[in-house]
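Asker: Below are the chains, spelled out letter by letter.
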Amino acid sequence: MAQVVLKSLVKDYNKQNVVKGIDIVIPDGSFSVLVGPSGCGKSTTLRMIAGLEKVTKGEIWIGNQLVNDLAPGKRDLAMVFQNYALYPTMNVFDNIAFGLRNRGVSKKECKVLVEEISEIVGLTEYLTRMPSQLSGGQRQRVALARAMVKKPKVFLMDEPLSNLDAKLRNQMRVELTGLHKRLGTTFIYVTHDQVEAMTMGDQIIVMDQGTVQQAASPIQLYKEPDNQFVAQFIGSPAMNILSGFQQRLLVGFRPESAKIAGVNQEAPLSDRAQFMKRGNILSREILGSDVLYYVESGQEKLVVKDDLRYLLQEGQEVIVSVNEEDLYLFDQESGIRLRQGINLKEKQKLAGGMT
Amino acid sequence: MKIMGRIALKTGEAVMLIAVSLIFVFPFIWMALTAFKTLPEVYQFPPTLLPESWQIQNIVKAWESGPFPTYLLNSTLVAFGVLFLQILTGVPAAYAFARYKFRGRNLLFALTLIALMIPPQVIFLPIYVEMSNWGLVDTLWSLILPYGASAFGIFLLRQVFMQVPDEVIEAARLDQASEWKIMWRIMAPMAKHVLVTFGLFSFIYHWNDYFWPLIMTNSNEVRTLPIGISMLKASDGGSEWNIAMAGNMILVVPILLIFFFAQRHIIQAFTYQSK
Numbered sequence: 000m001a002q003v004v005l006k007s008l009v010k011d012y013n014k015q016n017v018v019k020g021i022d023i024v025i026p027d028g029s030f031s032v033l034v035g036p037s038g039c040g041k042s043t044t045l046r047m048i049a050g051l052e053k054v055t056k057g058e059i060w061i062g063n064q065l066v067n068d069l070a071p072g073k074r075d076l077a078m079v080f081q082n083y084a085l086y087p088t089m090n091v092f093d094n095i096a097f098g099l100r101n102r103g104v105s106k107k108e109c110k111v112l113v114e115e116i117s118e119i120v121g122l123t124e125y126l127t128r129m130p131s132q133l134s135g136g137q138r139q140r141v142a143l144a145r146a147m148v149k150k151p152k153v154f155l156m157d158e159p160l161s162n163l164d165a166k167l168r169n170q171m172r173v174e175l176t177g178l179h180k181r182l183g184t185t186f187i188y189v190t191h192d193q194v195e196a197m198t199m200g201d202q203i204i205v206m207d208q209g210t211v212q213q214a215a216s217p218i219q220l221y222k223e224p225d226n227q228f229v230a231q232f233i234g235s236p237a238m239n240i241l242s243g244f245q246q247r248l249l250v251g252f253r254p255e256s257a258k259i260a261g262v263n264q265e266a267p268l269s270d271r272a273q274f275m276k277r278g279n280i281l282s283r284e285i286l287g288s289d290v291l292y293y294v295e296s297g298q299e300k301l302v303v304k305d306d307l308r309y310l311l312q313e314g315q316e317v318i319v320s321v322n323e324e325d326l327y328l329f330d331q332e333s334g335i336r337l338r339q340g341i342n343l344k345e346k347q348k349l350a351g352g353m354t
Numbered sequence: 000m001k002i003m004g005r006i007a008l009k010t011g012e013a014v015m016l017i018a019v020s021l022i023f024v025f026p027f028i029w030m031a032l033t034a035f036k037t038l039p040e041v042y043q044f045p046p047t048l049l050p051e052s053w054q055i056q057n058i059v060k061a062w063e064s065g066p067f068p069t070y071l072l073n074s075t076l077v078a079f080g081v082l083f084l085q086i087l088t089g090v091p092a093a094y095a096f097a098r099y100k101f102r103g104r105n106l107l108f109a110l111t112l113i114a115l116m117i118p119p120q121v122i123f124l125p126i127y128v129e130m131s132n133w134g135l136v137d138t139l140w141s142l143i144l145p146y147g148a149s150a151f152g153i154f155l156l157r158q159v160f161m162q163v164p165d166e167v168i169e170a171a172r173l174d175q176a177s178e179w180k181i182m183w184r185i186m187a188p189m190a191k192h193v194l195v196t197f198g199l200f201s202f203i204y205h206w207n208d209y210f211w212p213l214i215m216t217n218s219n220e221v222r223t224l225p226i227g228i229s230m231l232k233a234s235d236g237g238s239e240w241n242i243a244m245a246g247n248m249i250l251v252v253p254i255l256l257i258f259f260f261a262q263r264h265i266i267q268a269f270t271y272q273s274k
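Quick mapping for you: the protein sequence lines, in order, are chains A and B.
Residue numbers are given in numbering that gives the first Met the number 0: position 213 of the first sequence equals residue 212, and the series is strictly consecutive.
Residue numbers are given in numbering that gives the first Met the number 0: position 142 of the second sequence equals residue 141, and the series is strictly consecutive.
Hint data in this document are derived by calculation from the structure and do not stem from the laboratory.
Hints should not be assumed to be uniformly reliable.
Claimed, not checked - Subject to a maximum C-alpha distance of 27 Å in a straight line, what follows is the list of computed DSS-like cross-link-like pairs (lysine-lysine): (1) A:Lys-106 - B:Lys-100; (2) B:Lys-100 - B:Lys-180; (3) B:Lys-191 - B:Lys-100; (4) B:Lys-180 - A:Lys-110; (5) A:Lys-6 - A:Lys-73; (6) A:Lys-152 - A:Lys-180; (7) A:Lys-150 - A:Lys-6; (8) A:Lys-166 - A:Lys-53; (9) A:Lys-14 - A:Lys-53; (10) B:Lys-100 - A:Lys-19; (11) A:Lys-300 - A:Lys-222; (12) A:Lys-150 - A:Lys-180; (13) A:Lys-73 - B:Lys-180; (14) A:Lys-152 - A:Lys-106; (15) A:Lys-107 - A:Lys-73; (16) A:Lys-6 - A:Lys-19; (17) A:Lys-14 - B:Lys-100; (18) A:Lys-150 - A:Lys-110; (19) A:Lys-56 - A:Lys-19; (20) A:Lys-152 - B:Lys-180; (21) A:Lys-53 - A:Lys-150; (22) A:Lys-56 - A:Lys-6; (23) A:Lys-53 - B:Lys-180; (24) A:Lys-53 - B:Lys-100; (25) B:Lys-100 - A:Lys-73; (26) A:Lys-152 - A:Lys-166; (27) B:Lys-232 - B:Lys-60; (28) A:Lys-152 - A:Lys-73; (29) A:Lys-56 - B:Lys-100; (30) B:Lys-180 - A:Lys-150; (31) A:Lys-6 - A:Lys-152; (32) A:Lys-53 - A:Lys-19; (33) A:Lys-56 - A:Lys-106; (34) A:Lys-304 - A:Lys-166; (35) A:Lys-107 - B:Lys-180; (36) A:Lys-110 - A:Lys-180.
Everything numeric in this text was worked out from a predicted model, so none of it was measured.
From just these sequences and the hints, can you work out the full model?
Answerer: Right, dumping it as structure tokens:
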């Protein structure tokens, strides 16, 4: 159990700045997720924590120890890799026991520990099998068992579920969060999948282009994004961003917080709707319980998520309305969200009001 | 018509294959059969294929006509000694070439490849002088040490090690394995088929090697089988070919046995990519 602190962490590859001085505190016992598009530096950050990449500048603290120059094996952490990285010439038992033996754990104790862990992850019957004789899900469990058996201070996971099929991925997601609750150890989890991040993490760190965009709880990220990148990265479908009334402003709202109605229909608009756009439905996608409408309004395109009650037709003229509290304003140049100093009326005016 | 053509083609193929294999196998069969003939039968014209009476005692005679137990022991020590050193040096060298980034790596690897292309006949003189300076001529060391590292082995192993995913090595580092342990417990087992195949090549080469022991040894105590057998030929004035061939049988049988047991690995080593 340990808190992990990154201080002004920098990583350069061949003079290319991959991680640009990030500061992160990963609380003891948390399930922290590093999420971002590919190439954002999240995996590099994780690998620096593991000691697999040299730190160019900055500090990494695990517990009370500065670990910059500590060998990976001495950092008391365990890692689960995307491709599992099992030792192909060892059977399941030896794969799990390898790390223990290297620490000088006695044969007897090794056996007890390995059997205990295999019981937990359901591998008891497979201990004598070779990795090539296992399915993807079973290999994943071996990789997990190999990490767990060392009882590390911190678990590192680098997209561990991305090689599994959708059904197994969902199942493992639940198992991993359950495992975290039971162990109470710090988990640092890297993924590019925002759904995975939202469902698993208690702290999510959104990264882009080598910098931290925002670190917060899933709900806070969704409700209070700090900038345009986070607003659009978190949530599916992504937040609509439209140019505002003033040049330097952008207006955003989530597809699920907008209301949509036919122009001539009795509109189910709320009284508080203060932002409206007129447009035509370009296409729609029926997802089952919900429908996605792709609406063209002037030059701009927006997405609205609605339930199936009032199914609208393609080509129909509609009004899209959003409540004032569901609107987000961003600075066009920096993408930073504007929160203060703008009252309701102003917000409405800035957003362009009724068109 | 079509079917006839196909049969003709298949027959032609079979005839070709049999002809080519006969070219390779015939000298070997001839040697084996000659080993059991009497001396007059060897010189008889027209020659016989099968011995008129099987002379098992030829083998015994060959074995007893020199210190063959010593030759056999020396050959075994040299072939295994060379192999042991080649693997001991080859695995770390190949691991370094495949996995470490260091200044001069490509230059060093190019030098290794150049060493692959130099035949021992070209460099035996300086090595002889060196061995002589160290007082090692006419010892088994002079047969083992000059072959202690194999460019061919390093090259083969490097190719295998380069295919091992980075994550496997990283996982081992996180499992607190030393580099030594990663080499021998993770990398070497993954190259098992290549190690066996290379081992076989090396073993056969040094088991059969005639040139090097001829130069480096002068006394019976350190001679190897090929030298001992060549001496059979010239023992009593005239050449006793049947006894010389019997000696060759003694030389060849261990290799055939090893090949028989290693066959599976050899085939896998050359089909490794598709696994």
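Asker: When the structure is checked against the list of hints, which entries are broken? Sort them ascending.
Answerer: The structure conflicts with hints 1, 8, 26, 33, although it agrees with all the remaining ones.
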